[in-house]
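Protein chains in written order, with the numbering used here: chain A, 1 to 328; chain B, 1001 to 1132.
No incorrect hints appear here.
These stretches of chain B come out as covered by chain A in the derived footprint (C-beta under 8 Å, 3 or more residues):
#1 1037 to 1043
#2 1048 to 1054
#3 1110 to 1119
Here are the simulated DMTMM-like pairs of lysine to aspartate or glutamate, each with C-alpha atoms no more than 20 Å apart in a straight line:
#4 A:Lys194 <-> A:Glu181
#5 A:Lys256 <-> B:Glu1074
#6 B:Lys1060 <-> B:Glu1092
#7 A:Lys164 <-> A:Asp199
#8 A:Lys164 <-> B:Glu1052
#9 A:Lys121 <-> A:Asp111
#10 A:Lys194 <-> A:Glu206
#11 B:Lys1060 <-> B:Glu1049
#12 A:Lys164 <-> A:Asp196
#13 A:Lys194 <-> A:Glu210
#14 A:Lys194 <-> A:Asp137
#15 A:Lys164 <-> B:Asp1051
#16 A:Lys256 <-> B:Glu1052
#17 A:Lys256 <-> B:Glu1109
#18 A:Lys256 <-> B:Asp1107
#19 A:Lys256 <-> A:Glu210
#20 A:Lys164 <-> A:Glu181
#21 A:Lys164 <-> A:Glu206
Bear in mind the hints are in silico, worked out from the structure with no lab data behind them. Note that the Cβ used here is the ideal one computed from N, Cα and C, for glycine as well.
The primary structure of each chain is shown beneath.
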Amino acid sequence: MHRLLVALTFAISSSVAIADKAGDPDPRYAFEARVIQLPEGSRPHDAAPGRPGEIWYTAQRQGALGIVDIASWTYRQVPLGPGSAPHGVVLGPDGMAWITDGGQNAIVRYDPASEAIDVWKLPEETGYTNLNTGAFDADGVHWFTAQNGIYGKVDARGNMQVFKDPEGRGPYGIDDTPDGEIWYVSLAGSHLAKVDRKDGSVTMIEPPHEGAGLRRVWADSQGDLWISGWNSGKLYRYRPESSEWTSFDLPGEAPKAYAVYVDERDDVWVTDFASNNTLVFDPDTERWVATIPGSGPNANVRQILGRGREIYLPESGTDRLMLVIVGE
Amino acid sequence: MTRMGLAALAAGMVAVTPAFGIAQESEAASVSQGERVFQRCYACHSLGETDEGAQGPSLKGIVERPVAAWPGYEYSPAMRAFAARQGRWTREALDTFLADPQGSVPDNEMGFFGLRSPAERAALIAFLAEQR
Chain A
1 MHRLLVALTF
11 AISSSVAIAD
21 KAGDPDPRYA
31 FEARVIQLPE
41 GSRPHDAAPG
51 RPGEIWYTAQ
61 RQGALGIVDI
71 ASWTYRQVPL
81 GPGSAPHGVV
91 LGPDGMAWIT
101 DGGQNAIVRY
111 DPASEAIDVW
121 KLPEETGYTN
131 LNTGAFDADG
141 VHWFTAQNGI
151 YGKVDARGNM
161 QVFKDPEGRG
171 PYGIDDTPDG
181 EIWYVSLAGS
191 HLAKVDRKDG
201 SVTMIEPPHE
211 GAGLRRVWAD
221 SQGDLWISGW
231 NSGKLYRYRP
241 ESSEWTSFDL
251 PGEAPKAYAV
261 YVDERDDVWV
271 TDFASNNTLV
281 FDPDTERWVA
291 TIPGSGPNAN
301 VRQILGRGRE
311 IYLPESGTDR
321 LMLVIVGE
Chain B
1001 MTRMGLAALA
1011 AGMVAVTPAF
1021 GIAQESEAAS
1031 VSQGERVFQR
1041 CYACHSLGET
1051 DEGAQGPSLK
1061 GIVERPVAAW
1071 PGYEYSPAMR
1081 AFAARQGRWT
1091 REALDTFLAD
1101 PQGSVPDNEM
1111 GFFGLRSPAE
1121 RAALIAFLAE
1131 QR
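Take these sequences, add in the hints, and give me the full structure.
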């Protein structure tokens, strides 16, 4: 399905832009943003880099993988199968889109070259698992989480294994570190978990605040883990080397930290549902350095990802996707 | 009542009893199916009095319960406004909401985009009606 988009391009002056000694805005945080209107009711949940020049997104309510062509600023959607309701998408080492499809209770792989689709159902005995998000380890194995208390792995041949989280419901965000290890967080269980890739067991690590509601996790270039606290309204950093936690308050009253992502400069991006903003945190100064408002009320950015200077903000609440280009 | 009338009544009873039995079996099957459908809610909703960590309110007694009234749960402004209009979670209101949560209560905070199948919604509501 091809549709012309309603394109909107505008420059965003970050509302909390950090100033240099002369008082001028820091050019690193002078962003340019473009917004694309996606099909009404598509509810774009997650986004990821696709092939060069493309952004992939999951159209959760329309059972499709969306593909945005950045140059022409147009999109198309690829249906993923009966009952599909895709949550997460990541670019695999094979150049394909690996999708955690809650509706089909399956890991779905889309080959952009041939347009072939593989559907690897979870084992029957797991029942409905509420699949969430995926990441690739150092061996190219796809690890995934499912909110009903499951995590698992599937390789490029479709061989799958699933495991039960020790505390049950809650596995949500997942990421790989630069050394190819896999970590995930549990929203309901409110714990961080390191996966033993050999036997599939996990080591659970508790955050400093009980009931923090750890929603998503992302690793920076040094292997430190940045984690969003949905209930606590905090951004956490966990250093595996020293087992040290540090927390940072989001600005404002009663913030709700949802998505977290670390860009290639090691700046940390966090979405706050309470203020309807995406916030940028500088780990060096430990300051919030930029604020990017949603393109409309209740934009509900549930995930962030990017490539190079590009940052993708899928707005599930407005059926739009914002592309932010960060400064040099 | 005439003999014919009694016969007709008896015949009717014979006819009605199996149908009632079938209805009971159908209801049981629907509840059973609804329990499976509930797995889509399970990540965020419990059926008990308390469940620390669950992101949504308990669904215990949700059918005919006042909207946005689970003790101690902080509902969104959108859901509170809906409560003022709707009053109780009737089966019809639940069916409409479950079909399109964002469409029926815009800006509510539930991260679930709906059950498209009317049969699944009916089964889920039948199951939830048993959770008292």
